[in-house]
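Chains A and B supply the protein sequences, listed in that same order. The first sequence begins at 468 in my numbering and counts up by one. The second sequence begins at 19 in my numbering and counts up by one.
Treat the hints with caution; some may be incorrect.
Unchecked claim - Looking from chain B toward chain A, a few residues come up when the C-beta cut is under 8 Å (computed):
1. Ala79
2. Ala109
3. Thr117
4. His125
5. Cys135
6. Ala164
7. Arg166
Said to hold, decoys possible - Just a few of them, taken from the derived set where beta-carbon distance is under 7 Å, the chain B residues facing chain A:
8. Leu99
9. Ala105
10. Ser119
11. Arg124
12. Leu129
13. Leu132
14. Pro145
15. Val266
Hints were generated in silico from the structure; no laboratory data involved. Just so you know, even glycine gets a beta-carbon here, dropped at the ideal spot from N, CA and C.
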Amino acid sequence: MVAPVRRAVGWGLLVAGAALVVMISAAVALAAGSVDVALDRVVAVVLRRCGFGGADVTVLEDQLIWQLRMPRVLGALAVGAVLAVCGAVLQALTRNDLADPFLLGVSSGASVGAVTVIVLGAGTVGLAAHTLLPIAAFIGALVALATVLLIASLGGGTTALSPHRTILAGVAVAHLCGAYTSIVTLMRGEGDAARRVLSWTLGSLAGLRWDSAAFLLFVAAIALAWSLAYAQRLDAFTFGETSARSLGIPVTATRWSLMIGTALVTAASVAFAGVIGFVGLVVPHLVRPVVGHRHRAVLPAAALAGGVLLLWADTAARSIVPRQEVPIGALTALIGVPALVWLLARRSRA
Amino acid sequence: MTHRKLCAHGETPDVLATGLTVRLADRTILDRVDLFAHGGRVTGLLGPNGSGKTTLLHVLAGLRTPDEGRVRVGGRTLTDLGHRARARTVALVEQHATTTSDLSVRHVVGLGRLPHCGRFGGRGNDPDGEAVVARALELVGLADLADRGWGSLSGGERQRAHLARTLAQEPRVLLLDEPTNHLDLGQQLRFLSLARELGLTVIAALHDLELAAAYCDDVVVLRHGRVHADGPVTTTLNATLLREVYGVAGTVSSHPRFLRPHVVWDGPSQEV
Chain A
468 MVAPVRRAVG
478 WGLLVAGAAL
488 VVMISAAVAL
498 AAGSVDVALD
508 RVVAVVLRRC
518 GFGGADVTVL
528 EDQLIWQLRM
538 PRVLGALAVG
548 AVLAVCGAVL
558 QALTRNDLAD
568 PFLLGVSSGA
578 SVGAVTVIVL
588 GAGTVGLAAH
598 TLLPIAAFIG
608 ALVALATVLL
618 IASLGGGTTA
628 LSPHRTILAG
638 VAVAHLCGAY
648 TSIVTLMRGE
658 GDAARRVLSW
668 TLGSLAGLRW
678 DSAAFLLFVA
688 AIALAWSLAY
698 AQRLDAFTFG
708 ETSARSLGIP
718 VTATRWSLMI
728 GTALVTAASV
738 AFAGVIGFVG
748 LVVPHLVRPV
758 VGHRHRAVLP
768 AAALAGGVLL
778 LWADTAARSI
788 VPRQEVPIGA
798 LTALIGVPAL
808 VWLLARRSRA
Chain B
19 MTHRKLCAHG
29 ETPDVLATGL
39 TVRLADRTIL
49 DRVDLFAHGG
59 RVTGLLGPNG
69 SGKTTLLHVL
79 AGLRTPDEGR
89 VRVGGRTLTD
99 LGHRARARTV
109 ALVEQHATTT
119 SDLSVRHVVG
129 LGRLPHCGRF
139 GGRGNDPDGE
149 AVVARALELV
159 GLADLADRGW
169 GSLSGGERQR
179 AHLARTLAQE
189 PRVLLLDEPT
199 NHLDLGQQLR
209 FLSLARELGL
219 TVIAALHDLE
229 LAAAYCDDVV
239 VLRHGRVHAD
249 GPVTTTLNAT
259 LLREVYGVAG
269 TVSSHPRFLR
279 PHVVWDGPSQ
289 EV
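Based on the sequences and whatever the hints tell you, model everything.
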């Protein structure tokens, strides 16, 4: 009976540690920004909102911390978690270390939708741009996904949706979408359209409101639960497709459901946050040396690390340069590239 | 004729494959292959590269549905079984399955319990899973390395870990696809002795005729996707077979000490 107890205590400590990391990061993120707020004021605002005292909180403080910064903090945690979990799933499924959540053309499809709205006509259908943009991006992502899956499963048979074909189809569709976005942006873009397109493509959590943040948290929870249900099947892909099949895994069905599932949750987060690279690619590689290679551990660890990483990146994005936002995609690349290089160096030594 | 020869033991074969045909585009990979393997015996699958050995093993493992013909294992048609029931019936050791992931040996072997777990991997319906894994590790002699990472294993240890994984599946039939390809001689002999001692019905694709002669009871020889010859290894392996199937001139004698066929080749034969 000792081992299970010890294991339970270990898990308890782990969860408590994770919660602590998230809470400290969130507190710092809520305090930092164009206007710095003292940490005790942050705590007071949050406590008051949770119904514990804090009568001395001013309306301005509440507005800034609870209405403006909190949704952004939660959104960052959610988007980072979604991207990292999807990256881990797709890397296992395709047995490709370079797989990331945008493998299936989701980001480029979303860009087509976003560019269409930004350049060709916000307001033409009577909706404000900030409502229309996520919807258009999501639809664009779905169309691209459908195209990639169609190309990847042409001809059917056992090669349908094989990693190789799927990656090629994804690359092809991404280039097609890229052609559209550059033509539209350069030939029809007026005023600062090109700048807005570029800034959307590099991702931003600016202007995220409570309703979107709540939706993103819901998406993240679904993504984590859904992928955890597949944790052992993903382990079975370790030695490749034949081995997975011989272990009784319905390989093709698993592929379809996980590829479509990851693409949908990625599309949902891209719709609100734009294309944020490197989190989905690098975070799974960062957590594996720490927690091991079993997906039951990798997936929650990736969700945590991805969420916290993106939160820090977003906090930096809105605080480094006064009164201006650094594109978050650029910051994740600045962190991600050295991390990737370090990993490569470490692996080549091993 | 095939049927009569291999059924001479008078019992129903454990694996009974009839008329297996697999086509790929306009090529016929397997052409009406019949194969019978008896319980507890080792059946060698011989033939040159590209003769269809791996495809046949994949069909026998239920990983590939043949265009014609069917496979019965222990009286049940393989394609009628669900994915997981199939994986509890036949298990396959691949030729060279590796990974960059650094799972522990125990976990790799534990993968073999997947077909015994719930659909989404719940361990609830597999209470003795850990004991089965421990026993499998013990059997292949990897108990001491159970917590080592995959990356630190030698080729022979890896193949033994794969064997343990398939044993954890608790199958009725064990399929081996050239399992000794990357092993040194000592490891080759130890691996095949081990596979033989398990008492399972084993079907093994082998390149090395000397190994086949030493470890197989029966052989099935494929050539261009057809069964060229089959029967007990002592009578099937002969000089004619060497020439016709492998294009090799040589002699097969009875080994002076072990009473098993002993292959001596002279070189490639003139008419291939």
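To see whether the hints hold, each was checked on the structure:
1. For Ala79(B), the interface hint holds, the least distance from its beta-carbon to any beta-carbon of chain A being 6 Å, beneath 8 Å.
2. Nearest Cβ of chain A to the Cβ of Ala109(B): about 7 Å, under the 8 Å cut. The hint holds.
3. For Thr117(B), the shortest C-beta to C-beta distance to chain A is roughly 5 Å, which falls under 8 Å, so the interface hint holds.
4. Nearest Cβ of chain A to the Cβ of His125(B): about 6 Å, under the 8 Å cut. The hint holds.
5. Taking 8 Å as the C-beta contact cut-off toward chain A, the hint placing Cys135(B) at the interface holds, the least distance being around 7 Å.
6. At a threshold of 8 Å, the smallest CB-CB gap from Ala164(B) to chain A is about 14 Å, leaving the interface hint violated.
7. With 8 Å as the threshold, the beta carbon of Arg166(B) stays out of range of chain A, its nearest partner Cβ sitting at about 13 Å, so the hint is violated.
8. Hint on Leu99(B) is violated. Least Cβ distance to chain A is approximately 10 Å, over the 7 Å limit.
9. Hint status for Ala105(B): holds, given a least beta-carbon distance of 3 Å to chain A, under 7 Å.
10. Taking 7 Å as the C-beta contact cut-off toward chain A, the hint placing Ser119(B) at the interface holds, the least distance being around 4 Å.
11. Interface restraint check: Arg124(B) against chain A, minimum CB-CB distance 11 Å, threshold 7 Å, status violated.
12. Nearest Cβ of chain A to the Cβ of Leu129(B): about 6 Å, under the 7 Å cut. The hint holds.
13. Nearest Cβ of chain A to the Cβ of Leu132(B): about 5 Å, under the 7 Å cut. The hint holds.
14. Annotation: Pro145(B) was flagged as interfacial toward chain A, and the flag is violated, the nearest CB pair being 14 Å apart, outside 7 Å.
15. Given the 7 Å rule on beta carbons, the hint for Val266(B) is violated: about 30 Å separates it from the nearest Cβ of chain A.
When held up to the earlier numbered hints, the structure conflicts with 6, 7, 8, 11, 14, 15 and fits the remainder.
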